[in-house]
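Spelled out from the first residue to the last, the chains are:
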Amino acid sequence: MEAAEEIQEIEVEKRGRSTSELVAAVEALIYVSDEPLTARLLADVLDENKESIEAAIETLKQEYEARESGLQIREIAGGWQIATRTELHEDVRKFLKTRPSAKLSLASLETLAVIAYKQPVTVPEILEIRGVQSASAIKTLLDKRLIVAKGRKETVGRPMQYGTSKEFLIQFGLKDLSELPSIEDFEDLAG
Amino acid sequence: METQPDQFNFDFYRETAEIVAESRDELKVKLGDFAGPLDLLLFLIRQEQANIFDIPIARITNEYLRYIRLMKTLDIAVAADFLVMAATLIEVKSKMLLPRDPLADDGEETEDPRQELVDRLLEYEKYKAASQMLYERTTVEQAIFARGKIESDDANEEIDATLFDLLTVFQKTLARHKDEIRMEIHREEISLAEMIRNLKKRLNDQVELILSSFFEEMHSKRELVTAFIAVLEIVRTESVRLLQKATFGEIVLKKV
Chain F
1 MEAAEEIQEI EVEKRGRSTS ELVAAVEALI YVSDEPLTAR LLADVLDENK
51 ESIEAAIETL KQEYEARESG LQIREIAGGW QIATRTELHE DVRKFLKTRP
101 SAKLSLASLE TLAVIAYKQP VTVPEILEIR GVQSASAIKT LLDKRLIVAK
151 GRKETVGRPM QYGTSKEFLI QFGLKDLSEL PSIEDFEDLA G
Chain Z
1001 METQPDQFNF DFYRETAEIV AESRDELKVK LGDFAGPLDL LLFLIRQEQA
1051 NIFDIPIARI TNEYLRYIRL MKTLDIAVAA DFLVMAATLI EVKSKMLLPR
1101 DPLADDGEET EDPRQELVDR LLEYEKYKAA SQMLYERTTV EQAIFARGKI
1151 ESDDANEEID ATLFDLLTVF QKTLARHKDE IRMEIHREEI SLAEMIRNLK
1201 KRLNDQVELI LSSFFEEMHS KRELVTAFIA VLEIVRTESV RLLQKATFGE
1251 IVLKKV
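If you read the sequences in order, they're chains F and Z.
The numbers in our numbering rise by one with no breaks, and the one at position 43 of the first sequence is 43.
Start counting at 1 in the second sequence, then tack on 1000, and there's your number in our numbering.
Simulated from the structure, these hints should not be mistaken for laboratory data.
Please note: incorrect hints may appear among the correct ones.
[To be verified] Derived EDC-like pairs: lysine to aspartate or glutamate, alpha-carbon spacing no greater than 20 Å straight-line: (1) F/Lys144 x Z/Glu1136; (2) F/Lys144 x Z/Glu1141; (3) F/Lys103 x Z/Glu1141; (4) F/Lys175 x Z/Glu1136; (5) F/Lys61 x Z/Glu1141; (6) F/Lys94 x Z/Glu1141; (7) F/Lys166 x Z/Glu1141; (8) F/Lys103 x Z/Glu1216.
Take these sequences, add in the hints, and give me the full structure.
Take a look at the structure:
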């Protein structure tokens, strides 16, 4: 959000843009932003209405797809991002000399699932569902900034409540929390 | 980054409970394979190919206790949770053995003692499935790369320093270096053990030692302190006495 304010400080000359010019401008801004860029912020900076911004993003998406680009325009954590295509991960990794980062433990993943679906949720509530202490898993998730403290619950002992972070949406490729499948959908899978 | 080994390198496909089923070599069972008592219980129910709504409680309880006994290196907090479940199972098992109250039936069906456990298992199973979904998502997500941050002052705070900042840091480093050198000189000085050894040798040779002349031999304040402690120490531990023949006179160190 700090970056957003800075972008706004730069005077964008107000002028009538053609559709293709707007598409180009949207592409440029998404490219330079290091965080997913919201349509609203794009609209503010480019001084356009949200509808034309959304139309421009859609055009951009189709252009990338049509020419089978190595990049994709994707919606994530409430914003838009330019990223490489999944299929190219081997080449990209070879170049970056990276490996998939350390995976979360079974305990951490379970704890994260409970927090994602039950947020804001307290430690005793997590214990009730998982049937096991989750302290070290919670610490890991906090360290990895996948969850954040969401204030205290007004009940006996005022326990801390936890919820998922924006980082969680980014790392799990979610537009927003509503994109998570409903917890009841897992009933059929289970068993 | 992380310190806890159990938080590392978990692979959903390789390290689920199934792998334990493959190697039913009992001694290989580790806690790490189960995320908790409910997870273990689910695994056992599946292994027995039992219906979750009709758990053969006696058999499952026995299996559960057997696994618990095999988990020797349990984290104490986690072990407690596993034991709570063991107690719950035994409680349910004993309730099942009790004959039904013949007076209480007819109108309402008496609740199955296993019901609460089944509810918990079903609830837990949903979140277990959800965690698998999260695992799959993050695996896909790790194959996608966004552009890295642009190297600007904003993104790279370390560079945001003036020449004077650098000079200050450099001076601090120099000062710290000086301290280190001074300490090295100290270390070359005589240790307390050596001082005691010297003092003993001197007393052996000459029986009596005038304390003030002994102290004057010292080169630094530090050595002097060491010498003083050595004197106190030797008086305490050896058959040596401190004598003062006249008031304000010389103090003499003498072997008894």
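Okay, the hints, checked on the actual structure:
With a CA separation close to 18 Å, the supplied pair lysine 144 of chain F and glutamate 1136 of chain Z stays within the 20 Å bound. Restraint check for lysine 144 of chain F and glutamate 1141 of chain Z: the C-alpha separation of about 16 Å stays at or below 20 Å, so the hint holds. Straight-line distance between C-alpha atoms of lysine 103 of chain F and glutamate 1141 of chain Z comes to about 12 Å, which keeps the hinted pair within the 20 Å bound. Restraint check for lysine 175 of chain F and glutamate 1136 of chain Z: satisfied, since their Cα atoms lie roughly 16 Å apart, inside the 20 Å limit.
With a C-alpha separation of about 19 Å, the suggested pairing of lysine 61 of chain F with glutamate 1141 of chain Z holds against the 20 Å cut-off. About 17 Å separates the Cα atoms of lysine 94 of chain F and glutamate 1141 of chain Z, which keeps this hinted pair within 20 Å; it holds. Restraint check for lysine 166 of chain F and glutamate 1141 of chain Z: the C-alpha separation of about 15 Å stays at or below 20 Å, so the hint holds. Pair hint lysine 103 of chain F plus glutamate 1216 of chain Z does not hold up; C-alpha atoms about 68 Å apart against a cutoff of 20 Å.
Hint 8 from the earlier list is the only one contradicted by this structure; the remaining hints agree with it.
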